[in-house]
Amino acid sequence: MKTFPIGGVHPSANKLSCAKPIEVLPLPEAVNIPLAQHIGAPAVAKVAKGDKVLTGQLIAEAGSFMSANIHSPISGTVTAVDMVPNGQGLRQMMITIKREGDEWAEGIDRSDKLVRECSLSAQEIIARIKEAGIVGMGGATFPTHVKLSIPAGKKAECLIINGVECEPYLTSDHRMMLEHGEEMVVGVTILMKAVGVGKAYIGIENNKPDAIAHLSKIAAQYKGIEVVPLKVRYPQGGEKQLIAAVTGRQVPPPPALPIDIGAVVCNASTTFAVYQAVQKRMPLIQRVVTITGKNLREPRNLLTRMGTPVSALIAAAGGLPENAGKVINGGPMMGRAMVNLDSPVTKGCSGITVLSERDARRREASQCIKCAKCVSACPMGLEPYFLSKMTQKKNWDELEARMITSCIECGCCQSTCPAYLPLLDWVRLGKQTVMGRIRARAAAAAPKK
Amino acid sequence: MANKLIVAPAPHVQTSQSTACIMRDVVIALMPALVVSTIVFGVDVLRVTAISVAACVVFEFLIQKFFVNGPLTISNWSAVVTGVLLAFNLPASIPWWIVVIGAFVAIAIAKMTFGGLGKNPFNPALVGRVFLLIAYPVQMTTWPMPVQGAFDALSGATPLAAVKHGAVGPDALGVQDLLLGNMPGSLGEVAALALLLGFVYLLWRRVITWHIPVTILATMALFAFFVALGTKGTENPALLWQLPLFHVLAGGAILGSVFMATDYSTSPMTVKGGVIFAVGIGVVTMLIRLWGAYPEGMSFAILMMNACVPLINKYVKPKRFGVK
Numbered sequence: 000m001k002t003f004p005i006g007g008v009h010p011s012a013n014k015l016s017c018a019k020p021i022e023v024l025p026l027p028e029a030v031n032i033p034l035a036q037h038i039g040a041p042a043v044a045k046v047a048k049g050d051k052v053l054t055g056q057l058i059a060e061a062g063s064f065m066s067a068n069i070h071s072p073i074s075g076t077v078t079a080v081d082m083v084p085n086g087q088g089l090r091q092m093m094i095t096i097k098r099e100g101d102e103w104a105e106g107i108d109r110s111d112k113l114v115r116e117c118s119l120s121a122q123e124i125i126a127r128i129k130e131a132g133i134v135g136m137g138g139a140t141f142p143t144h145v146k147l148s149i150p151a152g153k154k155a156e157c158l159i160i161n162g163v164e165c166e167p168y169l170t171s172d173h174r175m176m177l178e179h180g181e182e183m184v185v186g187v188t189i190l191m192k193a194v195g196v197g198k199a200y201i202g203i204e205n206n207k208p209d210a211i212a213h214l215s216k217i218a219a220q221y222k223g224i225e226v227v228p229l230k231v232r233y234p235q236g237g238e239k240q241l242i243a244a245v246t247g248r249q250v251p252p253p254p255a256l257p258i259d260i261g262a263v264v265c266n267a268s269t270t271f272a273v274y275q276a277v278q279k280r281m282p283l284i285q286r287v288v289t290i291t292g293k294n295l296r297e298p299r300n301l302l303t304r305m306g307t308p309v310s311a312l313i314a315a316a317g318g319l320p321e322n323a324g325k326v327i328n329g330g331p332m333m334g335r336a337m338v339n340l341d342s343p344v345t346k347g348c349s350g351i352t353v354l355s356e357r358d359a360r361r362r363e364a365s366q367c368i369k370c371a372k373c374v375s376a377c378p379m380g381l382e383p384y385f386l387s388k389m390t391q392k393k394n395w396d397e398l399e400a401r402m403i404t405s406c407i408e409c410g411c412c413q414s415t416c417p418a419y420l421p422l423l424d425w426v427r428l429g430k431q432t433v434m435g436r437i438r439a440r441a442a443a444a445a446p447k448k
Numbered sequence: 000m001a002n003k004l005i006v007a008p009a010p011h012v013q014t015s016q017s018t019a020c021i022m023r024d025v026v027i028a029l030m031p032a033l034v035v036s037t038i039v040f041g042v043d044v045l046r047v048t049a050i051s052v053a054a055c056v057v058f059e060f061l062i063q064k065f066f067v068n069g070p071l072t073i074s075n076w077s078a079v080v081t082g083v084l085l086a087f088n089l090p091a092s093i094p095w096w097i098v099v100i101g102a103f104v105a106i107a108i109a110k111m112t113f114g115g116l117g118k119n120p121f122n123p124a125l126v127g128r129v130f131l132l133i134a135y136p137v138q139m140t141t142w143p144m145p146v147q148g149a150f151d152a153l154s155g156a157t158p159l160a161a162v163k164h165g166a167v168g169p170d171a172l173g174v175q176d177l178l179l180g181n182m183p184g185s186l187g188e189v190a191a192l193a194l195l196l197g198f199v200y201l202l203w204r205r206v207i208t209w210h211i212p213v214t215i216l217a218t219m220a221l222f223a224f225f226v227a228l229g230t231k232g233t234e235n236p237a238l239l240w241q242l243p244l245f246h247v248l249a250g251g252a253i254l255g256s257v258f259m260a261t262d263y264s265t266s267p268m269t270v271k272g273g274v275i276f277a278v279g280i281g282v283v284t285m286l287i288r289l290w291g292a293y294p295e296g297m298s299f300a301i302l303m304m305n306a307c308v309p310l311i312n313k314y315v316k317p318k319r320f321g322v323k
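In order, the protein sequences belong to chains A and B.
Numbering that gives the first Met the number 0 applies: residue 0 is where the first sequence begins, and numbers increase by one.
Numbering that gives the first Met the number 0 applies: residue 0 is where the second sequence begins, and numbers increase by one.
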């Protein structure tokens, strides 16, 4: 069975909610919509305090090409456009809307009817995706229209749909593949048309045999779509790892991108959102969020409007358990620990994981024993123990030579370290510093205007 | 509740395989060999092992308590591992005070002077053994005979020494005796089968990988094969398999390759580097065994290759993703 070529770890899967069908979370009374919930420039607010908005109405416009539109997830009145603390407690510009009913904007098809045919051109498809404000929903939040706009001189050869969901605990993509497989596969055909390829692969780890069987059956009705079962290994859902697993080709080190080897990767839930946007004119205003944790009364998969406070999800799962020690936006390998549970669900939020205090507390670090487990775990073939040490010594040249900028911050090194060293904390710092130095060098070398 | 949330960067999961857990697994993996050795040489084995372990732990404790700042690390079991390994490299009849001196050299000089676990360039137990071998050559090479079924042919020499000095051929001991340890030798080198059981346990627990031990043993076997071929292979074809098998099973080959060459801090950080390191150990061991002054060369070979590890780590880099 296929998998990526080097490194990787096997964290406990803990997919507690994988058999729980998607349920609809009741609409929140108010939402906070951050203007920056994607990579790139923040969106520019198009509404002001006091404005009435409808569900699905554009409320903030992409600030540049590398940005994304934002639509209102509920109908009601804008009560503020102001700085509000986000999940990490940092104040961020958000639009606050108080809900009044649920009245939808014109032109959005909310029926369940499957629409297979799409007669739009590639440009028209990309325009609809851009209009709907779709970004990568696996967590990276890269604007999808940017990814689909193949740069001049490059050519896409295949599309890869990321149904791997290698993060422990999370099950939102899994449930989407099971419950919206038909729409998702139509989404695949639309994306194939958008990037002009005849071949698409749907990569799914073989711990989801039901999703593999279901999508294989559907894909058989279409030409050029193949489901690829993958051997379970983290971080298979990493873009470069997935491309290597499916095609056997490796993206060269930065600044090379997947398109340089002809690959375009799109997350499974994003593919469904593309179907919705192109066939139903549905903007990205809701998503499935897994609320999970070993001590939660009821882990679930909830269809949630964007901007809903995380606390509403936790309440729907039976409330925060007595021994809760950490609430993570995302999964335990790459998610971000939250300080503010009133912060909103955003486009990149595939799950909320609640860990007990015992699981959450970092164990006391001791001396490196040179076991080399971090080296064999690194999926990019780096030497985390060495990068961590060189960062502490501020040896930036050595770090650059040892390819620190290739680090994808998957966390394999740190999670496997028997001395419990904060390897990735150091590597992240080193990587940011080295990338800053590379940018400064490029700026200095560029001709002055 | 919310005001008590823990905040830290990802990843939020840590392995349950701590340093102490790994070291404890190594001790567990050494237990079958300890049992076999006790059956072969009697309770002296337990006496030597207990003294060695106790001395190693006490020296590490005293040094950390009175000479260096920093946390006490005896609870991570690494001093116990050194203690057992040192004992495994000694004859069962060794006087107690020599064991204590060996433990002092291993822990105080080879380990703690460099900064403790993970920073020592040479395998502490082997430094202790080699020191004793040079300082107390008589006591270190006086081998007690196995309790039952002693071999007249060997008359108190280890199989390696007997073969080296031409007293017997490599076929003097049956494969069964070599595997079960029915021969004179150090505590831990006589029980090939029990050591291999420990090897399987370490692989299963993911403490080590197979690369270094298998490469060392394969290199030695191949080397012995060609030597046999070059000498008497044509007139005595049985030697072609007897000599390689003898060299792999006799002496410290298995103990050294499974438990000493795989020592984390004194072996390379990459698989490729580990293979280079292992080939070096195999070749040097055979050179010493066949043409050197000592009948056994494993300890010297490992220590020599330990010295090359920083160089190997500098030049042998892991295969980078996306780089042809």
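Think of the hints as simulated: they come from the structure by calculation, not from any bench.
Since the model is a prediction, treat every value here as computed from it, not as a measurement.
Take the hints with a grain of salt, since some may be wrong.
Selected chain B positions facing chain A (Cβ under 8 Å, derived; list incomplete) [unchecked claim]:
(1) Pro8
(2) Ile21
(3) Thr37
(4) Gly41
(5) Ser74
(6) Ser92
(7) Pro94
(8) Ile97
(9) Thr112
(10) Phe113
(11) Gly115
(12) Gly321
(13) Val322
C-beta atoms are modelled at their ideal positions from N, C-alpha and C, and glycine is treated no differently.
Do the hints match the structure? See the list:
1. Given hint, Pro8/B at the interface with chain A, holds; its Cβ is 6 Å from that chain's nearest Cβ, closer than 8 Å.
2. Taking 8 Å as the C-beta cut-off, the interface hint given for Ile21/B holds, the closest approach to chain A being about 6 Å.
3. For Thr37/B, the suggested interface contact is broken, since its CB lies about 30 Å from the closest CB of chain A, more than 8 Å.
4. A least Cβ separation of about 35 Å between Gly41/B and chain A goes past the 8 Å threshold, and the interface hint is therefore violated.
5. A hinted interface residue such as Ser74/B counts as satisfied when its beta carbon comes closer than 8 Å to some beta carbon of chain A; here the least separation is about 10 Å, so the hint is violated.
6. Hint status for Ser92/B: violated, given a least beta-carbon distance of 34 Å to chain A, over 8 Å.
7. Look at Pro94/B: its Cβ only gets to about 33 Å from chain A, farther than 8 Å, so that hint breaks.
8. Residue-level restraint check for Ile97/B is violated (minimum Cβ-Cβ distance to chain A is 29 Å; threshold 8 Å).
9. Among the interface hints, the one on Thr112/B is violated; its C-beta lies about 15 Å from the nearest C-beta in chain A, farther than the 8 Å criterion.
10. This hint is violated: Phe113/B has a C-beta 11 Å from the nearest C-beta of chain A, more than the 8 Å allowed.
11. The beta carbon of Gly115/B is positioned within 8 Å of a beta carbon in chain A (closest approach about 7 Å), and the interface hint is therefore held.
12. The closest approach between the C-beta of Gly321/B and any C-beta of chain A is roughly 4 Å, which is under the 8 Å cut-off, so the hint is satisfied.
13. Because the closest C-beta pair between Val322/B and chain A is about 6 Å apart, less than 8 Å, the hint holds.
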